[in-house]
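Chain A is fixed; fit chain B onto it per the hints.
There are 2 protein chains.
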Amino acid sequence: MSANPLPKSSLSIRRVGIDTWRENVAYLHRDCPVVRAAGFQALSKVEIHTRNGQGPRSILAVLNVVDDERIVSACELGLSEEAFARLGVVEGHAATIAHAEPPGSIAALHRKINGERLGREELAAIIRDVAQARYSKIELAAFVVATNQYELDREEVLHLTEAMIAVGRRLDWKGQVGAGPVVDKHCIGGIPGNRTSMLVVPIVAAHGMLCPKTSSRAITSPSGTADTMEVLANVELGFERMVEIVRATRACLAWGGTADLSPADDILISVERPLSIDSPGQMVASILSKKIAAGSTHLVLDIPVGPSAKVRSMVEAQRLKKLFEYVAGHLRLQLDVVLSDGRQPIGRGIGPVLEAQDVMQVLQCDPAAPQDLRQKALRLAGRMIEFDPDVRGGEGYAIARDILESGRALAQMNAIIDAQGRRQDMPTVGALSFEVRAPAEGHVIAIDNLRIARVARLAGAPQVAGAGLLLLKRLGDPVHAGEPLYRIHAQFEADLQFARDLAEKDSGCQIGRLDQLPHEFASGSLFSL
Amino acid sequence: MSANPLPKSSLSIRRVGIDTWRENVAYLHRDCPVVRAAGFQALSKVEIHTRNGQGPRSILAVLNVVDDERIVSACELGLSEEAFARLGVVEGHAATIAHAEPPGSIAALHRKINGERLGREELAAIIRDVAQARYSKIELAAFVVATNQYELDREEVLHLTEAMIAVGRRLDWKGQVGAGPVVDKHCIGGIPGNRTSMLVVPIVAAHGMLCPKTSSRAITSPSGTADTMEVLANVELGFERMVEIVRATRACLAWGGTADLSPADDILISVERPLSIDSPGQMVASILSKKIAAGSTHLVLDIPVGPSAKVRSMVEAQRLKKLFEYVAGHLRLQLDVVLSDGRQPIGRGIGPVLEAQDVMQVLQCDPAAPQDLRQKALRLAGRMIEFDPDVRGGEGYAIARDILESGRALAQMNAIIDAQGRRQDMPTVGALSFEVRAPAEGHVIAIDNLRIARVARLAGAPQVAGAGLLLLKRLGDPVHAGEPLYRIHAQFEADLQFARDLAEKDSGCQIGRLDQLPHEFASGSLFSL
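Chains A and B supply the protein sequences, listed in that same order. Per our numbering, residue 1 is the first one in the first sequence, and the count goes up by one each step. Per our numbering, residue 1001 is the first one in the second sequence, and the count goes up by one each step.
If we strip away everything but chain A, and leave its shape as in the complex, we get (with noise of 0.2 Å):
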């Protein structure tokens, strides 16, 4: 940290208009003066200094050696958007760069790489040094796959999460709407079309509950709770519109990425996605430091499981579980974690307007809904009902049905949708479309998840969002051949075309004799205990 600017040499900031995402890379030309004096080198790292109005400013970047005037000259300094934004000063201000010393915790990293434990303190440096972008994509890659796994202990974990709360906006809700319970729901994703959250929230909104919920927008699923929400209002609400919202109707349902609750998090994931890793420790802290961040009080966690879920067994179910509830005890959080059935995707549509069609069928009581995503809301809505030290044990189910059945839910929502701001250009279902079918009879015995996933991204789900399929079969179902498995929906030609190829490669639905879908939990199968 403690690197010596040169006083001599000094340079024009110029801002860059490269998305590098998460990383601040600083361009130099090669004929720079500092480049040559200092032998800096492609991917060193350097130390950029500067003032503004609020006193001295510094980030740490990746330097590209760049060999463009158009992109930079000998005299300016280049700075990519998100390093531009992080630096906080107008495009011509002086900067000098230094070589930068490694961020103060790469000690504590590489103890983790070599295998050993880190103390409270130590995983509180590393993250601070993540929240503050000091770490490069490398360094943060190292340290994700060093934690990778049960690398991480229970007490790693609780710490880890801790130091990801620490680094991040809080939000007080008892400061703005009064004490009480803030209640909330989550998934650990990997089931398309499980939209449960958008009828979870108005049950038990409407049952008194304070619930307001903040989602992701898919990064790599065809849809988020965001994305599908998108469709019938607005989401993207800063902490004042939200306060405004949850006073009037006791929960919202808004986007989470601009509430900055777990910044570390976010540039860990932008290193995760890439590399498909998703361990139990990262999981556990991602999840619990945005809720305690989101101010929740008690959560309802479900675990889905199943063959092509996120957890494929019931042993690992269990350990992650008790990670989940091991983390929450120490930070006071009322945790209810419920494993429910992750073999097939849940309701029909996936791609956010097909999802939302799902979700108002169900709130409209419409004997066509999809009941597998009716009786899902319903049981975590009756767990989260639960909470109410009015409530007895088992009797949440019942309430959360009757507050649909009354048609409550629906004005609820309707309500919580006007307070967001409805959506005046609804988006419509993709008028491409094709079928994919069954290539001989039988029964539908497995339906791959991450396939179904995959194709519905071709076709050009979350950005299309009347993009996805529609699905037609479910597991237990029997077929003909021929017959229609399910509908891919399309807005762009190619699109379908890319879907199409996808789903003809395999389409993700296995067909064979009733008697090889393997059962829920059934013992002796993947779901053994």
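Hint data in this document are derived by calculation from the structure and do not stem from the laboratory. Quantities reported herein were computed from a predicted structural model and do not represent experimental measurements. The beta carbon of each residue, even a glycine, is placed where N, CA and C say it ideally should be. Take these hints with a grain of salt, some might be off.
Which residues of chain B face chain A? A partial, calculated answer using Cβ under 10 Å [claimed, not checked]:
1) L1109
2) H1110
3) V1271
Some chain A residues close to chain B (C-beta under 10 Å, calculated; not the full set) [what the hints assert, rightly or not]:
4) D19
5) E139
6) N148
7) V337
8) L514
9) L517
Relative to chain A, chain B alone:
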């Protein structure tokens, strides 16, 4: 690998003058129709397809989204220098892009991240993908961390080494200069000033052995053998030139960087370096793959041991030695490992010019020459000479000494320098200097190799050939308060100031009582067996 191109969305290739080191980066404008239609995001991995005279070409690249028309327009596909060179077509050429399937070996990478053992074919697939630049920096970092420490067993290290050899070029001396052993020496590094190669090579060549030595430039050290040799002669020789020189003088001292001997290793090093990871398995595979690719049949390997050397204890040194021996044995490379004293720098000079002066003093049998450098070079040369079947075990040292003292080594070195091209404009020692002094009376009881190296680098080495430092005191030497410990040399005022600031914070030399000096390989110390 089988991603589908977007046939209708052909883009015009543009070379973007940004050096992203070893990573392929594609720059696409945010308004590019392909980005919008296919939903690419920053850091997505894309596959780029085109064709040239030789047929179809494709590369994988990481995507940076650009908002500046001066860098790329909406109908262009910008490529970083590395990506442009790899694709091998001209600017304006048409290309299509598609979502990249992960490289075929990613499943194996995940198995390794999860702590599993990889087979020969899996390691070969990973190294092929690495050499073809199909891995992003994040994936490279994941591989490096997952194979860190002793997480590769010795079979895996052997297979990694074989895989690295298989993807590189191999030098064929037998076909060029006749059969017979090709001897080499290598030091695992980390000891400043340790320029024994420039003495060992002329000595063994004078004995009649073939010793075509390729060396590296400094990466994190103040000078590599190639940097120091370059003070005296041209070191950038193609293979054809090396063959001519070796035919004439039986030896050369060339830079190995252009030889493409282990391209996968060169790429892995680009992430190992910023992570400061240098694990046993990676070290063995890196060194042995390059030696075998360079055509060596016999190798003396120097492993310095000391508290600030790469290897810090005899236990660690012995373990590393066995691993080198195991892999070399299976690859039919005759290997003799020498464990040496790595408690302090070797010689007096640190930095290209200062080290070259030490080397020439030893060759000239100058009584003022640094005796530690002379002794170590003779010891290593002796071990190499004993590869000669006609030399009795134990006689090598005396033969080496005779060659040095008779002036034959100097004559041989002059012949090598003349053959490579004697440098006419030999650089001189930096004119600016500063003496770092002992704070108190006592004896020098520790010299920190890493600290000394950093001071020399800040002074400008190796980019400024005359920069570095001259050690005036060595372990065990008595000093008075205020007596100079070393003298920093620099060419630029700012560099001198940098180096001086660092040295004044901590010189790297510890003064104490003589009985506190750790003895080489003494038991009970860091060196205990």
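Checklist entry - What are the numbers of the hints that this structure violates, sorted from low to high? => result Failing hints, ascending: 7, 8 and 9.
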